[in-house]
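Taken in sequence, the protein lines are chains A and B.
When we follow this note's numbering, the leftmost residue of the first sequence carries the number 91, and every step to the right adds one.
When we follow this note's numbering, the leftmost residue of the second sequence carries the number 164, and every step to the right adds one.
It is worth saying that the hints were derived from the structure and are not from the lab.
Ideal Cβ positions, reconstructed from N, Cα and C, are used throughout, including at glycine.
Just so you know, not all the hints are guaranteed correct.
Which chain A residues face chain B? A few, computed with CB under 7 Å, are given here [stated by the list, open to error]: (1) 211; (2) 219; (3) 223; (4) 225; (5) 238; (6) 240; (7) 241; (8) 295; (9) 365.
To be clear about the criterion: a stretch of chain A counts as covered by chain B if any three or more of its residues have a C-beta under 8 Å from a C-beta of chain B, and this derived list gives those stretches [as the list claims (entries may be wrong)]: (10) 175-189; (11) 281-293.
In the EDC-like style, the derived pairs of lysine to aspartate or glutamate whose C-alpha atoms are separated by at most 16 Å in a straight line are [what the hints assert, rightly or not]: (12) B:488 - A:298; (13) B:257 - B:295; (14) B:488 - A:209; (15) B:273 - B:211; (16) A:269 - A:253; (17) A:274 - A:233; (18) B:333 - B:272; (19) A:269 - A:256; (20) A:223 - B:272.
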Amino acid sequence: MDRAEQQGAAAADATATRRQLDIRDHVEPADYQTIGTPFVDDAKMTARNVNVFYGEKQAITNISLDIGRNEVIAMIGPSGCGKSTFLRTLNRMNDIIPICRVEGEFALDGEDIYGGDQDTVLLRARVGMVFQKPNPFPKSIYENVAYGPRIHGLAHNKAEMDEIVEDSLRRASLFNEVKDQLDKPGTGLSGGQQQRLCIARAIAVSPEVILMDEPCSALDPIATARIEELIDELRENYTIAIVTHSMQQAARVSQRTAYFHMGKLIEVGDTKQIFTMPRHELTENYITGRFG
Amino acid sequence: MSKQQSLKATEAIQASLKKRYARERRFQWYGRLAVLTGFVFLFILLFDIVSKGAPAFTQHYIKVNVDLSQEVLGLDPGASEQEIFSADYLGAIKTSLREMFPGATGRKEKQQLYRLLSIGAEYDLRDKVLADPGLIGHSSELWLRAHSEAGSYLKGQVTAGTAESERKVKDLQMTWLDQLRDQGRTESRFNTTFFTEGDSREPEMAGIRVALYGSFFTLLVTFAIAFPIGVAAAVYLEEFAPRNRITDLIEININNLAAVPSIVFGLLGLAVFINFFELPRSAPLVGGIVLSLMTLPTIIITSRAAIQSVSPSIREAALGVGASKLQTVIHHVLPVAMPGILTGSIIGMAQALGESAPLLMIGMVAFIMDAPAGVTDPATVLPVQIYLWADSPERGFTEKTSAAIMVLMGFLILMNALAVYLRRRFERK
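This is chain B alone, in the form it adopts within the complex (with noise of 0.2 Å):
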């Protein structure tokens, strides 16, 4: 090329260069702008859940002189521990709340003063004489627990600015309550009855005890079942399968298998375990049998890929000193995809965490207070109790809703952390 063509090169580049430099400067913000979209939209969902749930994590209780004189429970002098297992603890509440409030007088009032107080006062009430019955005989101040919708008044839910038609504390049970707080006769303490408790009518006695026992047990299963056999369908495509017609439809079909709607999965449970199988309904086996199905591609997928980044120098090193295919694969593949095998199979779990619509075909949609002991006893899963109290009309079950949300995002950033330290510890090995 002539001096004078590669000059006017230099001069055209040149030209170009300005408007080269602002494509790149604008493409770089639109990256930082839709970066910043997804995290304000991130945040707001944070946001609302954490605003909404949080509240859940507390419980009001009230204090309220009891008369647990003998005439008021229906005791003999000398009562025997069934005796005061069924005595009238409800009585004696509706007895102490009337003389601490005499000026309720009508049925309505009446009702209405009851239902300062959970249902479950009576059964906390109940646990506190029997764990101590020298109570019997007298009056004590106790704290009993509070009914969810007084409990949303004095957390400050609902206020007087409300229509009083349209809310369910009503302008007397706000007086009282009001006094009550004065009095410092309120107080809030931390919602363990949250996690302690299985499903209930009623918010305040409300908890995600049995979903958690249910999720534990339903990921066990899909664990105990997903991950030996992905792992082992991994290893036999990757290092063992020829490659032909048959394998490749294989993989096609686990490809597709992986963007099967989940509630398919749900009806094939249904059909073969729990109709065909007869295996129990509502039980966690199941679950994690079909949860299984639908976290095996996952796993698959990502073992393949995780055995095949796997150099094929060092298989040529094993099988060079003599070492058989699967000793190979044992003792020098295996161990250096693990990271990315772990990583795969923890993702595939916490996607199963999560799921909730193949489950609600096998029936673990259902009402349980009873946490589950074993793998077949009937239970439900996070997502599904979330579910469940998304369906409830009760403010109180709104932040269980959104309480039992934080609880499952924590236990699925969790597993993600694990991934991701797992995956740092082999690595630096």
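Here chain A stands alone, though its shape is the one from the complex (with noise of 0.2 Å):
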């Protein structure tokens, strides 16, 4: 054997090694079981038995789970996981996907939220979003705000939604940088501030739970920083679903952290034991970054 092919073959062993730890090779069987505590005692919002197709390629496997009532919950897991996907179930976003199908019972409070006389518009009043990249309306940061509540009709005169637009802005920590510019149009913010006005063009219309979508992954550390403080404070008043791609983050935000795999819901448990005591192999491969 000469040097060419020597080295030839220790790189074929080193893809071998690889492959191992290769997601795809990590298939749970259909009737898999979630490990952990999925459900709670007192859920703001629940799901069971959730299957979401997107034509005839399955993005979900059966996964219930339940969010607490003013709590954290951060979903992780390796890109392609079904965690955006679940995440978007929960306000019906996927129904603006046409070849995206949606099985399964989904509840806020109780109330299901795909039956025929749910409304959608309704349903995303009280179940908010912010995305993963910021997208403030190219309006004034002003209207960004007082969009929702005046389609809404949440404020009955120009102070009424004065008060809400300022509320909504402190809440968001975001007021005293742009008070003296509220008719400067919000898309010539800097990215950060532009994800703590999509935060306060969420919170304007007062709505139960917030659901975000990796709000920080394209924000640098300092910018992501104070939002994962500002996430902190808003748990008082709402219910927070976030799905991340950074588990440091997962770790500082959330009181329960969920683990998806390739569509499926492999453990769920309070975030301090999922960071240092995971009880599925895969969660451990993940978290101790062996795959990704």
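Grab the two chains, each in its own frame, and use the hints to assemble them into the complex.
Right, here's the structure in full:
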């Protein structure tokens, strides 16, 4: 064997080892059992036996999970594991994707949210959402926050609207930075400010639950830290479900953590327990950085 | 890879570099050549039109000492306005011309003499007298419109170098005109007639007023129909319609419709709107409807593209705070898509403005002297007027044709500039 061949063989070996840790090789059976505590006593939202399909492809397999009142639940897992898809089923954002089909039972305060008489407009007012990329409307800062309350008729006059806008911006800890430029376009703010503006916009309609889909993935560490602080403050009044790629973030902001893997909910538990004593091998592999 | 192998590769790459760069340079030259060719043709076209059309914007006037005595006009003292209106002005002009050039004695010579002035000179004179009745009773020096052939000699378009039989301005007329010029009795003025008159058999009396009004009313109808329908169709297809076979079929049909020859729309308009619905013939109303059918696909296609290019994150944001689908579209998607929609619509309108074939089918190719007052009055449009004049053999109409093309191109440039301006303005917001 000359040198080149030896190198080739070594590389092949390395690939083989890596492949052992490839997520695709860990396929749980369809009738898998979620480990841990997916159900809580005081649930704000409940999801039972959820299956989601994109056309023929199944994105989520038989997930059941409760979201407790006034808790922050973090959803983690490798890319494409279905955590964002699951999050978006909670306020029916998947409805706008024509090929997407959702099965299962969902309830908000015990009310079926996929029932025939459930209005998606009302649902989305009660379950707000913050997206991965800050997406303020190309309008003024004031209009961004005032839009939701206006279309829902929450303010009866200008003074009430001003109050809602100011209060929402304060809660999103953005007011002091923008109070002199409320008429400037929201798109002119920095990335972190834009994301806080989006949070202010979401809380302006007084939702009960806020869904956050990787809210910090487009932000720098300082902006991220401010959002994380904010999430901690918001927990007092809102129930929050956050999807994140950062395990540190999940550990910092959440009380419960759910680990998703290839469309299945592998393990749920107290955040501390998940990060210190994961019970499932996949969870352990993921949080120790063996794959992702 | 071993060191030797990588050395070899470097050499090979270096060897090929020269060739690759040469190819790139060649390609750039092809591109420059193509652009240059395009510009040359454009320049030739513009030069031709402008050089032919520019003379049409001036018109010659001849100063004539007109005898406006009561006997010549055939008026009694204290004649009413009605009588002044129908007085014999042509006779007055003819008498005055004969007095100025007593040499013209034969019937043919007299006729040539009279043809120095436009037929419209009679009406010019009448209007002057009506405006100032004090002119009656004595002779005055008055500027009267020259005949277009006389004008073309004075403009230098016709010279004595051409054989007399091959030109309309005869030798005798030329001597008279030379005399008049030497006496300072000819003058070139800006041609207001071109903008204030309708079509005429006489080039010096023809103008684009009817065509301008007709084009304006036709485009008004086109825009009023095509814009709302086009945008609504685009919004529905893009935002609300389910994706299935029927919508696919509709989409294919819209795309094909954009490629249908425009004269087919004219035939449709003739059969449906005029013969079946019995709408007035030659009217901007029918022209506008036909052109809106032609413009619809353009507006739908560009509007759909504009709506499609709106970032989905804005839609998600609006839906996320609980906006309904319609609110999302009206409050957020349409404002962002508007510059694109407007650009597409204006380009569609510009197309409609330049269209003539379908309008020929519905009778907008008529000889019309009076400007339309509304969308149901008979009218013609700029491109059709150009077509009509291009068909006329008189030299005066040749320059009118080019001048009308210049006006049409001016409007097209204006519309395209408006599209660019609107797009810039909205984008900055």
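| field | Broken hints, by number | value | Violated hints (numbers, rising): 6, 9, 12, 13, 15 and 20; every other hint is consistent with the structure.
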